[in-house]
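Colleague: Below are the chains, spelled out letter by letter.
Protein chains: 2
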Amino acid sequence: MSHRKLVGRSAYGLPAVILLAVATSGHTFAASSQQQGQNAPLVIESEGSFAFAGKVETDATGQSRHCDHGYADFSLPVGARKVPIVMWHSTSVKTWTSDPPFLGGHQNFQDIFLRRKWPVYIIDLPRQGRANYGCFALDYVSNWPQVGRDQRTFAGAVAWRLGTWVPPGPPTFFNPSQFPDDPTGALLDQTLRARYPDNEQLPDAFPLEADSVSKLLEQIGASILFTHSGSGYPGWLTAIKSPKVLSVVSFEPGYLWPEGEVPPGQTRVVPLADFLKLTKIPIEIIIGDRYPAASLAIAKAFVDTVNKHGGNAKLIYLPDLGMFGNSHIMMMEKNNVQVADVVSQFLNENGLDKH
Amino acid sequence: MSHRKLVGRSAYGLPAVILLAVATSGHTFAASSQQQGQNAPLVIESEGSFAFAGKVETDATGQSRHCDHGYADFSLPVGARKVPIVMWHSTSVKTWTSDPPFLGGHQNFQDIFLRRKWPVYIIDLPRQGRANYGCFALDYVSNWPQVGRDQRTFAGAVAWRLGTWVPPGPPTFFNPSQFPDDPTGALLDQTLRARYPDNEQLPDAFPLEADSVSKLLEQIGASILFTHSGSGYPGWLTAIKSPKVLSVVSFEPGYLWPEGEVPPGQTRVVPLADFLKLTKIPIEIIIGDRYPAASLAIAKAFVDTVNKHGGNAKLIYLPDLGMFGNSHIMMMEKNNVQVADVVSQFLNENGLDKH
Numbered sequence: 001m002s003h004r005k006l007v008g009r010s011a012y013g014l015p016a017v018i019l020l021a022v023a024t025s026g027h028t029f030a031a032s033s034q035q036q037g038q039n040a041p042l043v044i045e046s047e048g049s050f051a052f053a054g055k056v057e058t059d060a061t062g063q064s065r066h067c068d069h070g071y072a073d074f075s076l077p078v079g080a081r082k083v084p085i086v087m088w089h090s091t092s093v094k095t096w097t098s099d100p101p102f103l104g105g106h107q108n109f110q111d112i113f114l115r116r117k118w119p120v121y122i123i124d125l126p127r128q129g130r131a132n133y134g135c136f137a138l139d140y141v142s143n144w145p146q147v148g149r150d151q152r153t154f155a156g157a158v159a160w161r162l163g164t165w166v167p168p169g170p171p172t173f174f175n176p177s178q179f180p181d182d183p184t185g186a187l188l189d190q191t192l193r194a195r196y197p198d199n200e201q202l203p204d205a206f207p208l209e210a211d212s213v214s215k216l217l218e219q220i221g222a223s224i225l226f227t228h229s230g231s232g233y234p235g236w237l238t239a240i241k242s243p244k245v246l247s248v249v250s251f252e253p254g255y256l257w258p259e260g261e262v263p264p265g266q267t268r269v270v271p272l273a274d275f276l277k278l279t280k281i282p283i284e285i286i287i288g289d290r291y292p293a294a295s296l297a298i299a300k301a302f303v304d305t306v307n308k309h310g311g312n313a314k315l316i317y318l319p320d321l322g323m324f325g326n327s328h329i330m331m332m333e334k335n336n337v338q339v340a341d342v343v344s345q346f347l348n349e350n351g352l353d354k355h
Numbered sequence: 001m002s003h004r005k006l007v008g009r010s011a012y013g014l015p016a017v018i019l020l021a022v023a024t025s026g027h028t029f030a031a032s033s034q035q036q037g038q039n040a041p042l043v044i045e046s047e048g049s050f051a052f053a054g055k056v057e058t059d060a061t062g063q064s065r066h067c068d069h070g071y072a073d074f075s076l077p078v079g080a081r082k083v084p085i086v087m088w089h090s091t092s093v094k095t096w097t098s099d100p101p102f103l104g105g106h107q108n109f110q111d112i113f114l115r116r117k118w119p120v121y122i123i124d125l126p127r128q129g130r131a132n133y134g135c136f137a138l139d140y141v142s143n144w145p146q147v148g149r150d151q152r153t154f155a156g157a158v159a160w161r162l163g164t165w166v167p168p169g170p171p172t173f174f175n176p177s178q179f180p181d182d183p184t185g186a187l188l189d190q191t192l193r194a195r196y197p198d199n200e201q202l203p204d205a206f207p208l209e210a211d212s213v214s215k216l217l218e219q220i221g222a223s224i225l226f227t228h229s230g231s232g233y234p235g236w237l238t239a240i241k242s243p244k245v246l247s248v249v250s251f252e253p254g255y256l257w258p259e260g261e262v263p264p265g266q267t268r269v270v271p272l273a274d275f276l277k278l279t280k281i282p283i284e285i286i287i288g289d290r291y292p293a294a295s296l297a298i299a300k301a302f303v304d305t306v307n308k309h310g311g312n313a314k315l316i317y318l319p320d321l322g323m324f325g326n327s328h329i330m331m332m333e334k335n336n337v338q339v340a341d342v343v344s345q346f347l348n349e350n351g352l353d354k355h
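Respectively, the protein sequence lines represent chains A and B. Take 1 as the starting number for the first sequence in this note's numbering and just add one per residue. Take 1 as the starting number for the second sequence in this note's numbering and just add one per residue.
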C-alpha cells in the first residue's frame, strides 16, 4: 500500500486512484491533496468556449447577422467548487493566463484557481478580442495602438506602474519589483502585447458589457466576478443589474458612487437605490504597491461608502500585508500565489468556496 | 489490488496512481487507457497563452509600440506525444473548441486531440481575434459584419453548406446533416457567432501570417498544421517557408500552384522550387459532403500535382468513407471523432504520433 502515501487521501478517505476511476464514469470527486498542488497536473472535466448574449439584426427582407456577443472560455475542473469565477480583463485575457514552458511557465490566475478547484470562465466582452464581431463598425482608426503606448503602459502612474522608461533609455523596473524574472526581456515583450484595441469609445459600451455579463450569468449560474482596472466600472454595473453576481473581487478598479456622495474628481454616479445593491454582496478591492496616494484615498472612500450603507467591502493594500513591489498587474506577478491566497481567504470567509 | 483493475495499466506497466505521483515531480508518462477515453478527465501538464512573432515600431524619440503579433493558446497534456498540432482557424477559434455542458457539451478537435495526448496550440493570426492589436488600422468599417452574413454562411456553396435558408423562411439543414442535434437553435446561434472581422484586406496579410507562424514554430518546435478553408492558403505558404512544418492536414482549403501548372480559374502561383517543398511533407486534404464538383476537381488536381512531383499528398472525400452529411465545418460536427480518426490514422501512417 505504499503508493497511498505517494498520493495522499481524498476528502472521502479513498485513494486517488479509485476516485479517478469514478470520475471516468461521469461523477466528480474531491481532489487529492497532490492534485491541488502548484505543479500537479490540471484535471479538467470539460473545457471549451462559447458566445454569450449578443444581438441578431435583420433587414426588411429577413436577411440577418449575429453580432455584439461576448466570448467565454470555460474550464471546469474535476471535483469543482459550486460557484464559478468569471475573470474579466481590462486589456487582454493574457492577464489571467499562464506562460508557456519556453517562457518560464509562470502560472497565472486561470490555473491557480483551477488547481484550487474553481470553475473558471475568462471573457472577452463584445467588440473586443475574440468577440470583436460587433454590430457597429468600431472606430479603430482613431483608436489604434499608437507609438508611445509601450512607455505609457510600463511607466504610467495610472497604467501598469512597472518602473520608469524614458526613451532613448531602456525600461527600468522599480526595486523591489514582483515582475517575473525576465533575463531576455521576453516576458516584458509579452506584457506589452497583452492588449487589444479598446472598445469603449461608443456610448453604449459599458451598459452593453453589464447587460452581456448579466446574460452570461443566466446561463452559467450565480458567480463571483474578478475585475481589473477598466473592467471594474462595468463590473459594478453588472453587480447592480444582476442578482447572480454573488461577490466582486476587483484589482485596482475604477468606481461609481451614489448620488450626493461623489468625491471630488469622480464622475460616475448611480441612484442610491442602485448603489445599495453593492451593499448586499461581499466585495474585496486589492491594491498594489506604489499606488498613488490620491487613488488609494478614492479606493478607501469607495469601501467606506459601501460599508456606511451596511455593506461588506474590504480594502487590501498589499504592502500592509508585507507584499511589496506589486504593480497594476499583480495577478501576473511573482507572488501571485500569495495574492491568490488573499482572495481565497476572502472567498472562504464569505462562504463562497463550498464544493 | 482490485483498484488496479479499475484504472488499467500504463504503457510502463505501473498503476496510474504511481504515475500521477511521478508527474507531480515534473516528469511525463504514458496515459492509462481510461484517461484516453472520450469522457475521461483531461489531464493537463500546463496550459496558457502567449503572443508570437510581432513587431516593435519606434519613432525618432524612441517611443514605441508592440503590434502585429499573433496569439496562441497552448495545452500540453500529461504523457504528451512529441510533435504538437497547431490548429489554425479560418473564422474563429470556436471551430476547434468544445461546447459547454449547458449547450450539450459536444467535444471538438482541441479536446479530442488533447485526449489523444497531442500538445495542442490554437492560434489567432495578427490583426484577428485576440491578436487584433495590429500595426495598421484595419478598415473594419468597410469590412464589418453585414446583414445577410448569416444566410451566406449557412447556405453558401463556398461557405459552410449547412443547408438552405431563403428568408423570410427559416434555416433548413440538409438531410442527412452531421450538424449536432440542436432542438433550441442555440448551437446554430453559436455557429453564426463563430466569426471575427476578417484581416485579409491588407496586401501583406498572407505573407505576414506565414511569417508569424514560421516564427511560432521556431519557439514551439517542429509541428503539424491543421488548416481550414481560408487558412489553407497561408498554411501552404508557411510550409514552403518553414522546415519546421512537418505535415499539413487541411480541411477544404484554398490552394496554390507551381508556375505553368495552374488550373483554369486558380490565381495563386508560386515558383516550382517553392512548390516542391510541399512534396517533402505528408499532406492530407479532407473534404465533406456536397462539396461542389468543380471544387472537388481542384482539390484532386492539387493532390495530383503534389504527387506528380514526388510528394505524399492524400485526398479524403468523406462520403467515399461512408461519411455523409458533413459540411464545411466537419471538425465541429456529430461525427467529428470519426473525422479525427481519419486524421489520427494518417498521422500514425506517417510516423508523426510518437511519444
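None of these hints come from the bench; they were simulated from the model. A portion of the hints provided could be inaccurate.
Copies of one chain are not kept apart here, so a pair can be met inside one copy or by any two copies together.
[What the hints assert, rightly or not] The calculated lysine-lysine pairs, modelled on BS3-like cross-linking and capped at a C-alpha distance of 30 Å, are:
id: 1; residue 1: Lys-55; residue 2: Lys-314
id: 2; residue 1: Lys-117; residue 2: Lys-55
id: 3; residue 1: Lys-55; residue 2: Lys-300
id: 4; residue 1: Lys-82; residue 2: Lys-117
id: 5; residue 1: Lys-82; residue 2: Lys-280
id: 6; residue 1: Lys-241; residue 2: Lys-334
id: 7; residue 1: Lys-215; residue 2: Lys-334
id: 8; residue 1: Lys-55; residue 2: Lys-334
id: 9; residue 1: Lys-308; residue 2: Lys-117
Colleague: So, against the hints stated earlier in the document, which numbers end up violated here?
Modeller: Going through the list in order, the structure violates hints 1, 2, 3, 6 and 9 and respects the others.
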